[in-house]
Amino acid sequence: MHAWHVTHGAASDVGLVRRLNEDRYHADPAAGLFIVCDGMGGHRAGEIASSRAVEIIPHHVAESDADPSLPLIGLSRPEFSPAANRLASAVRLANHRVHQEAARRAEYAGMGTTVVAVRLTGAVLSIAHVGDSRLYVIRDGAVRLLTVDHSLVQEQVQSGLLPAADMARAPHRHVLTRAVGVHPLVDVELGEMPVLPGDILLLCSDGLTAGVSDDVILRVSQESTDPQVMADRLIALSNAAGGTDNATVIVAVVTQRHTSLWKRMYTQLVSPPA
Amino acid sequence: MSQHRATPPLLLVRAPHGGTRECEITHIPFTIGRKPDNDLCLEDPAVSAHHARIVQVQEVLFLEDLSSTNGSFVNEHPIDRRQLQDADALRFGTHRVIFRDKPGSAMEPAITGEALVSDRTMVVPSAAARESPAPARKVGIVEILSGQTGQSHYPLTRQVSLIGAQDDAVITLTGWFAPKTAAMISRRGDAYVVSQTESGKRILINGRPVQREHALRHGDVVEVAGITMRFVLRDERSHAA
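Which chain is which? The protein sequence lines are U and P, in order. In terms of the numbering used here, the first sequence has 262 at position 262, counting the first letter as 1, and numbering is strictly consecutive. Converting from the second sequence to the numbering used here requires adding 274 to each position, the first position being numbered 1.
Among the hints, erroneous ones may be present.
To be verified - 20 Å max Cα-Cα, derived SDA-like pairs, lysine to any residue:
| id | chain 1 | residue 1 | chain 2 | residue 2 |
| --- | --- | --- | --- | --- |
| 1 | P | K475 | U | T244 |
| 2 | P | K412 | U | R77 |
| 3 | P | K475 | U | T255 |
| 4 | P | K454 | U | R77 |
| 5 | P | K475 | U | G198 |
| 6 | P | K475 | U | P82 |
| 7 | P | K454 | U | A83 |
| 8 | P | K454 | U | H258 |
| 9 | P | K454 | U | Q256 |
| 10 | P | K475 | U | Q256 |
| 11 | P | K454 | U | W4 |
| 12 | P | K309 | P | R327 |
| 13 | P | K454 | U | A3 |
| 14 | P | K412 | U | P82 |
| 15 | P | K454 | U | P82 |
| 16 | P | K475 | U | H258 |
| 17 | P | K475 | U | L196 |
| 18 | P | K475 | U | A3 |
Hints are computed from structural coordinates only; laboratory data are not their basis. Quantities reported herein were computed from a predicted structural model and do not represent experimental measurements.
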């Protein structure tokens, strides 16, 4: 039964200042899986780390769909659904593999990547994130940030050392407190939320939000109904604001497929609850 | 240990911060874990009390994971049970271990250095607690006032609690025509929100219909799919008792 339907658009751009795009994304609307990764590290190591993460996470999720008995990596947290725990397991696997590769090759030493990954299972969205890539939801005319950055400036804001308004200008705004691949173990932050019809999910790297404010995101989401148009427009606005960093965005629109009253009644009559 | 072996197999143990030591496998089974009663004791919070063991079948040694929390890895593959071969790289938690079947033989395995954080890497350890934020101080509970459900009250400890007849529902509806999904109650920080599902079931809060989603307050009476329930917030501790 597929009552929920997702359409998406995605765009990624190197920006106007950097030479390499170390952002990577993965979008699979059939599996309801969307991932944005922002790699870091010298030479080409950053794009290695982010490329690995966007390969490993969908692979682990697909394997466990085929075989739900596949063991989880790391602790299962009972307050979250099996789907959310599975997503965390996939991020931990990516951490492990990236860290291994970094340990094996000197030129990859210290490489890492942020991850923001969401998966829609039925009406429930699982959210896993590490680092400062973000997830927003646009619902009922308002933009809401669903992830809390794992960054030094975020910690300083939370402990009252830095006014929130200065976050975007702080010189150490790129310093992360968590990343995938840098340490042998990673603490993956998990979230879970029911979706509503019409929700627009927006995953992005920090390059986008460096130049594009919440208000602009909201306006762009109201100017078009096509998620690809929204994604392209947001990247264009990011570059217009300076394009100081790689910018990546996935826009996913959640809708509900119409099922007729007769079909609903029929479904209930032929499959009464056990 | 087998008497046929001139020199016992060896484990080269490398702690995450650089210390290296050797440990001979002098008897079988050979146990590995955090507790001191293991043959190889690793002081590592990521290692389980009794994490893994090495067993012998005929002439062959196997590593068996003892259902450890973070798993055992051989050459970076998570394993349940795996035959050990000379120079295999094992990992338990943050400890790396090289298995030498024939110590002193030609090939000396390279123990790769831990990835050092270079100047270019922009990650620092968090000043905040390493674990995820502490759970909310209050926990929501629904008390069933009327209707057919599995229990009379339900603590809402999960991030998302489904009300319905579906298998994974937290609040299970047992009526013959109960919808698979009637509504969902989810945590949002310290607060709780009730939301409609694809079933489109009408939700009443204190007798008034709500659309899409609605924040719940202590004492709210919620009606959906023939069930009437009261939402209350309690201190987490008193609930746990």
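Each hint tested on the structure:
1. Proximity of P/K475 to U/T244 is assessed by CA-CA distance (about 48 Å); at most 20 Å being required, the pair is judged violated.
2. About 18 Å separates the Cα atoms of P/K412 and U/R77, which keeps this hinted pair within 20 Å; it holds.
3. Among the hinted pairs, P/K475 with U/T255 is consistent with the structure: their alpha-carbon atoms are about 17 Å apart, no more than 20 Å.
4. For the given pair, P/K454 sits about 25 Å from U/R77 by alpha-carbon distance, which is inconsistent with the 20 Å threshold.
5. A threshold of 20 Å between alpha carbons decides the hint, and for P/K475 with U/G198 the separation of about 18 Å falls inside it, so the pair holds.
6. A threshold of 20 Å between alpha carbons decides the hint, and for P/K475 with U/P82 the separation of about 25 Å lies outside it, so the pair is violated.
7. Straight-line distance between C-alpha atoms of P/K454 and U/A83 comes to about 18 Å, which keeps the hinted pair within the 20 Å bound.
8. For the given pair, P/K454 sits about 17 Å from U/H258 by alpha-carbon distance, which is consistent with the 20 Å threshold.
9. Proximity of P/K454 to U/Q256 is assessed by CA-CA distance (about 16 Å); at most 20 Å being required, the pair is judged to hold.
10. For the hint linking P/K475 to U/Q256, the alpha-carbon distance of about 14 Å falls within 20 Å, and the restraint holds.
11. Distance restraint check for P/K454 and U/W4: the Cα-Cα separation of roughly 15 Å lies within the 20 Å cut-off, and the hinted pair is therefore satisfied.
12. Between P/K309 and P/R327, the direct Cα distance comes to roughly 13 Å. Compliance with the 20 Å bound is thereby established for this hinted pair.
13. Restraint check for P/K454 and U/A3: satisfied, since their Cα atoms lie roughly 13 Å apart, inside the 20 Å limit.
14. A C-alpha spacing of about 24 Å is found between P/K412 and U/P82, which places the hinted pair above 20 Å, so the restraint is violated.
15. Between P/K454 and U/P82 the alpha-carbon distance is near 18 Å, which keeps this suggested pair within the 20 Å criterion.
16. For the given pair, P/K475 sits about 15 Å from U/H258 by alpha-carbon distance, which is consistent with the 20 Å threshold.
17. Restraint check for P/K475 and U/L196: satisfied, since their Cα atoms lie roughly 13 Å apart, inside the 20 Å limit.
18. For the suggested pair P/K475 and U/A3, the alpha carbons sit about 15 Å apart, so the restraint of at most 20 Å is met.
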